[in-house]
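Enquirer: If you're matching them up, the sequences are chains Y and A in order.
To convert a position in the first sequence, counted from 1, into our numbering, add 2.
To convert a position in the second sequence, counted from 1, into our numbering, add 33.
No wet-lab data here; the hints were simulated from the structure.
Incorrect hints may have been included.
[What the hints assert, rightly or not] Below 20 Å or equal to it, Euclidean Cα-Cα: the simulated SDA-like pairs (lysine to any residue) are:
no.: 1; chain 1: A; residue 1: Lys-143; chain 2: A; residue 2: Gly-207
no.: 2; chain 1: Y; residue 1: Lys-44; chain 2: Y; residue 2: Met-3
no.: 3; chain 1: Y; residue 1: Lys-44; chain 2: Y; residue 2: Ser-23
no.: 4; chain 1: Y; residue 1: Lys-44; chain 2: A; residue 2: Leu-188
no.: 5; chain 1: Y; residue 1: Lys-44; chain 2: A; residue 2: Gly-207
no.: 6; chain 1: A; residue 1: Lys-143; chain 2: Y; residue 2: Phe-48
no.: 7; chain 1: A; residue 1: Lys-143; chain 2: Y; residue 2: Gln-21
no.: 8; chain 1: A; residue 1: Lys-143; chain 2: Y; residue 2: Asp-19
no.: 9; chain 1: Y; residue 1: Lys-44; chain 2: A; residue 2: Ile-96
no.: 10; chain 1: A; residue 1: Lys-143; chain 2: Y; residue 2: Ala-78
no.: 11; chain 1: A; residue 1: Lys-143; chain 2: Y; residue 2: Val-80
no.: 12; chain 1: A; residue 1: Lys-143; chain 2: A; residue 2: Trp-67
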Amino acid sequence: MIFSVHVEVRLRPGIADPQGSTIERAMPTLGFAGVSGVRVGKSIRFEIDAVDEASARAEAEDLCRRFLTNPVIEDAIVELEPAGVAS
Amino acid sequence: MSSRVGVVVFPGSNCEQDMVEAMRLVGGEPELLWHGDATVNGVDAVIVPGGFAHGDYLRPGAIARFSPVMSAVAEFAAAGGPVVGICNGFQVLTEAGLLPGALQKNAGLKFVCAPAQLRVETTNSVLTRAADKGAVLSIPINHFEGNYTCDAETLAQLRDEDRIVLRYVVNPNGSVDDIAGVCNEGRNVVGLMPHPERSTSELLGSTDGLPLLRSLLSV
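Hey, can you work out the whole structure from these sequences and the hints?
Expert: See below:
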């Protein structure tokens with residue numbers, strides 16, 4: 003079975019996010035007031051061939067832990083569904 | 034006896050020739066080690082130089098640690114061989130799990146390229162054994178992601194085990210506890226953000242990198 007996987011990589015709370023801070027500071031100059039807490043992450047999409055959803059999830063989470071994130075500074079949120087399902 | 038020093042080259046490394054020149058200057062026999070070859074070629078020490086290995090895609094060092102040479106470097110390190118990672122090389126060694134912690138983006142949002150004053154905190158490491166404890170060295174830094182971080186437990190361990198090798202006198206990037214360089218438990222793997230190979234001549238403004246580079250040669 004093919005599963006579509008979406009991984010959101012987020013900087014862990016407390017980890018410096020210069021991109022987020024810079025974007026946030028630019029907003030008032032464009033007239034957007036009251037926006038705060040901007041954090042920039044990464045969005046990674048791929049497909050996994052696995053026997054069932056649980057094993058697809060296990061593999062995706064292993065991939066996140068060992069490669070797609072650095073667990074010292076980043077967290078991953080894994081979303082997954084059978085391929086071909088409109089999201 | 035001269036010491037053979039292997040300088041690892043990834044696609045995107047850019048400090049390897051500086052390091053080759055610097056190593057010749059201190060009497061070493063440098064040679065380049067291509068990242069695609071799974072061997073360190075019998076050298077006496079390995080340096081992972083600065084640059085942007087594999088374009089720093091995903092994260093600095095994240096792809097480089099899968100290069101074939103890195104398994105050979107890990108074996109060499111496990112056998113007690115001296116390994117030093119400089120700047121991007123430090124990032125590669127943390128990603129490869131040869132050193133604890135991680136390098137996050139600089140506090141203050143800026144790429145920093147400037148001379149830094151570094152205090153030698155221990156001479157019990159392959160990079161500082163020929164230096165003087167407490168000496169302050171002027172060595173340049175040149176990075177955007179040099180802000181060293183680790184969890185509180187790791188930090189306590191680094192302090193207790195005297196594994197913080199170099200500290201910034203004035204913190205340029207937000208690194209926890211002013212850390213500029215750390216070593217592993219065996220003290221044979223050292224990572225640092227500053228570039229000692231760029232402090233090897235009065236023409237470059239400082240020769241303070243020389244004692245560090247000499248430390249790497251066999252004693």
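Enquirer: Against this structure, judge whether each hint is valid.
Expert: Cross-check of the supplied hints:
For the hint pairing A/Lys-143 with A/Gly-207, the CA-to-CA distance comes to about 11 Å; that is within 20 Å, so the pair holds. Taking the CA atoms of Y/Lys-44 and Y/Met-3, the gap is near 26 Å; set against the 20 Å cutoff, the hint is violated. Taking the CA atoms of Y/Lys-44 and Y/Ser-23, the gap is about 16 Å. The hint holds against a cut of 20 Å. Among the hinted pairs, Y/Lys-44 with A/Leu-188 is inconsistent with the structure: their alpha-carbon atoms are about 28 Å apart, more than 20 Å.
A C-alpha spacing of about 23 Å is found between Y/Lys-44 and A/Gly-207, which places the hinted pair above 20 Å, so the restraint is violated. A C-alpha spacing of about 33 Å is found between A/Lys-143 and Y/Phe-48, which places the hinted pair above 20 Å, so the restraint is violated. Proposed proximity of A/Lys-143 and Y/Gln-21 is supported: the alpha carbons are some 10 Å apart, at most 20 Å. The straight-line distance between the Cα atoms of A/Lys-143 and Y/Asp-19 is roughly 11 Å, inside the 20 Å bound, and the hint therefore holds.
For the suggested pair Y/Lys-44 and A/Ile-96, the alpha carbons sit about 16 Å apart, so the restraint of at most 20 Å is met. A distance of roughly 26 Å separates the Cα atoms of A/Lys-143 and Y/Ala-78; the hinted pair therefore is violated under the 20 Å criterion. Annotation: proposed proximity of A/Lys-143 to Y/Val-80 is violated, straight-line Cα distance about 31 Å (limit 20 Å). For the given pair, A/Lys-143 sits about 32 Å from A/Trp-67 by alpha-carbon distance, which is inconsistent with the 20 Å threshold.
Consistency with the previously given hints fails for numbers 2, 4, 5, 6, 10, 11 and 12, ordered from lowest to highest.
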